[in-house]
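Enquirer: Kindly produce the complete structure, drawing on both the sequences and the hints.
From first to last, the protein sequence lines stand for chains A and B. Numbering-wise, this note's numbering puts 308 at position 318 of the first sequence, and it's gapless, one number per residue. Numbering-wise, this note's numbering puts 183 at position 176 of the second sequence, and it's gapless, one number per residue.
A couple of the hints might just be wrong.
[To be verified] Below, simulated PhoX-like cross-link-like pairs (lysine-lysine); rule was C-alpha separation at most 20 Å, straight line: (1) A:108 x B:37; (2) B:66 x A:107; (3) B:168 x B:66; (4) B:37 x B:175; (5) A:255 x A:408; (6) B:271 x B:315.
What the hints contain is simulated information worked out from the structure, not anything from laboratory work.
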Amino acid sequence: MIQKSVAENVIQAALETGGDFAELFIEDKRNSTISMIGGVVERALAGRDYGVGIRILKGEYSVYAFTSDDSEENLLQVARSAAQAIHSNPIDLTLNFQKKIIENKHHIRVLPNSVSKKQKVEWLRRAHSAAMAYDPVIAQTTATFIDTLKDICIVNSEGLFVEDRRAYNRMGISVIAESGNNRESADFGPGSFGGLEFMEQLDIEGIAKEAARSAKTILFADHAPSGNFPVVIDNEFGGVIFHEACGHGLESHAVARKASIFADKLGEYVASPIVTAYDDGTIPNAWGSLNIDDEGMATQRNLLIENGILKGYLIDKLGGRKMNMDPTGSGRRESYKYAPTSRMNNTFIAPGESTPEEIIANTELGVFAKYMDGGSVNPTTSDYNFSVSEGYMIRNGKIAEPIKGAAIIGKGIDTLKKIDMVGNNLGLGVGMCGASSGTVPVTVGQPMIRVSELTIGGRGGNS
Amino acid sequence: MNIQDFQTELFAAGEKAGFEEMELFYSSSKAVSIAVYHQEIDDYTIMEEGGVSFRGLFKGKMGYAYAERIAADSIPLLLEEALNNAEVIEVDGGEDLFEGSPEYAEPRPFSVELEHLDPEKMIQAAMDLERIAYETDERVAFVQYSYASKGVNETLIANTKGLLCHSKSAFTSLGLYLTAQDGESTATGGESDFTIQSFADLDSRKIAEKAVHEAVSKLHASSIATGTYPIIFRYDTATELIGSLLGQLSAESVQQGYTKLKGKLNEQIVGENISFVDDPLMKDTITYAPFDSEGFATRKKDLIRNGKLISFMHNRKTAKKDGVESTGNAVKGGFRSPVGVGPYNLYLEPGDSSLNDMIANTDKGILIVELQGTNAGINFTAGDFSLAAIGFLIENGTITRTIDQFTVAGNVFDLLNDVSVIGNDLRFRSAITLPSIKVNGLQVSGSQTLE
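Expert: Below you can see the structure in the form of structure tokens.
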């Protein structure tokens, strides 16, 4: 994607003022989106993003610049203007690029542009038809198909020269159920890090029907109660609780500045002894996986918590310098427009001993969170929140009436210590995570878990 | 390749390819952002971005494509993608291109001073923010970041029907985010401000002191008992909560079935004290815009007047569908996005109470100064919300303690029927602005036993 000689000249220029590390990140991305509203294709959009990010480090100080003009003349100019932000004596560096061929662990069998738009429209139409056919209360659908093919190249002053190809595709289905003046919606968005072979085997009708069922259930559900309850959180996307309550707090950009409740706690109990958790960027074709991170380092399986004890953080190159620790293959960025920082890949709580049936049966009065929307966290105070889109009351050890509109709030370590049952049904769910280096695909995951007490905020009163 | 040459070549090639009408939308931004940590530069980012989107009418259907590279090799790609996209579109005659409005308000002001602002001044300002924050209060444990940024944005819309709209603007902003600590208690707070005129407008001391006050005032918070409370949403949380639901006023949401407001024009939908106005032509606001993303002249108009729904926001496509005229509310989230509908400067008409008066006139209630989880905790379709919050308990007209670890829940339409006081503190900073508002009663969930 870039000639070695050009890369070498730009890196030399970037280091002219005394930087001790320079890196080029070149990205060429093709993107296509088709939207169908109420069974009619309303929008189709496609395009190409292309650009180069130049990063210079000097100790713990970082300069970043980016441009979409990749002529050598412009890259040299951008590198030199970025270098102006560093005032030091140049270090004598010998550049010796070794093109590294990485092992591709995440195969792309069917390239996005090898499938016609008509075929993609057909997938959307199947989702629309299945949802509409589910029940007369289903009033509207929006179905969207997005595919992306991204080629990247990373070159740095340590001699790294590496390329990677990444493909993503995702179908979104949003279903509205309507009765009288009430309407509710449910959204599902299965996706894959890989080629369109994912869509060929996806149970499109099954997902559309599940979205329709969820929308109908929410339409006739009561408002969630408010107060404190034991909460059972289902597997797969339920893992958003760990992502918010803990994951963000383990990222080095927060830990290095002690802006995280988890700073200086390695080796200490931060969770109940039945909790073990990983961030694993190597799972084949999982939504949050990568061959290499956006700094060119191979992703790895990182142990975060083992039997309740904090074992590791998520560390990028700059975070590693600040913390005096090795990077963990966690440097990520949305695009060449962002300097990389420490981010999650596929983060999950490992399976435990209990069956889902046992967890429900052992809960006298509580809340069962079946499907979640996203959440957020303030890593400094560890106050987090997430929303339950479809939930149920648990009464006398049985799942009872459906509830909607529940927010769940808590504090990170406090919550992790209150996890008192962990199921044996680990599952992963796909999501998008937004932070300082942009929005990146991540997997959240867990088996069903129970937290002994959490604050539920709903419009209903005490239950 | 400059944008004029690119346009000429693109339209010539497009005509050959069979496009009946064509439009080019170009946007570019150049920005510099500097962050300081411990009185040293911590991060320095130089941004240059931009690109074009093309839309063209092919056999009566509009195809879209975009590219970041303004170079000859992007032209075949744009035309081919737009053509492929036009072919799968299933709505006929929904969109056409616009020849331009008869007249436009004066162009956006452009500050040459801000365009040429010396980065050294920005570094100094960011360092001042950090230093003042530490000096202001010993409970400031550390300033997480302190930054200054400046940028220049440019937009051009040109089409084969003769439309030519151009705008250019510059801005500078300063801000910081910090952690306060006192004993075991930790809280965070931040503040930022911007100018589109002169760097001298920005007061580092005021910004830093406000951030410190925000963080320190949140220390030693505890939860609250579950129940129904009168709630005051400070202007920023009012804007965040209600603002996120004003998409309900977009004709696009109405036509797609995503709002409760379908068929409610000229009906009383909220309390009589509620009037929402969209005024893109208000001078000195960052959102000032004489034309929208389709080149349509903007104007001031009522959307809700005394609780009655007067008009939805329209672009040319939604207006045509409803048989009305565009309201000049076409928006494009950058050159990649298709043309949608949205506000330019939508605000709730202010009342005459100050926030302090609102507090003083509250026997028992909660002042909310931070909402969390607005990315997921608001149900746009039904209008329901349940959000984590930070605020203060008010007893007998005085703030008595800081509260956190609670949620506030309700429905935005019900809420707008239940506003008892509207504040006088409008602060125009984005496309949507509300003053502080007081609501008679909302459900709050908390736990005083939680540490």
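Enquirer: Each hint should be assessed against the structure and marked as holding or not.
Expert: A quick look at each hint next to the structure:
1. A:108 x B:37: Roughly 39 Å separates the two Cα atoms, so the pair is violated.
2. B:66 x A:107: holds (18 Å)
3. B:168 x B:66: holds (17 Å)
4. B:37 x B:175: Between residue 37 of chain B and residue 175 of chain B the Cα gap is close to 11 Å, so the pair holds against 20 Å.
5. A:255 x A:408: holds (18 Å)
6. B:271 x B:315: The given pair, whose Cα atoms are some 9 Å apart, holds under the 20 Å limit.
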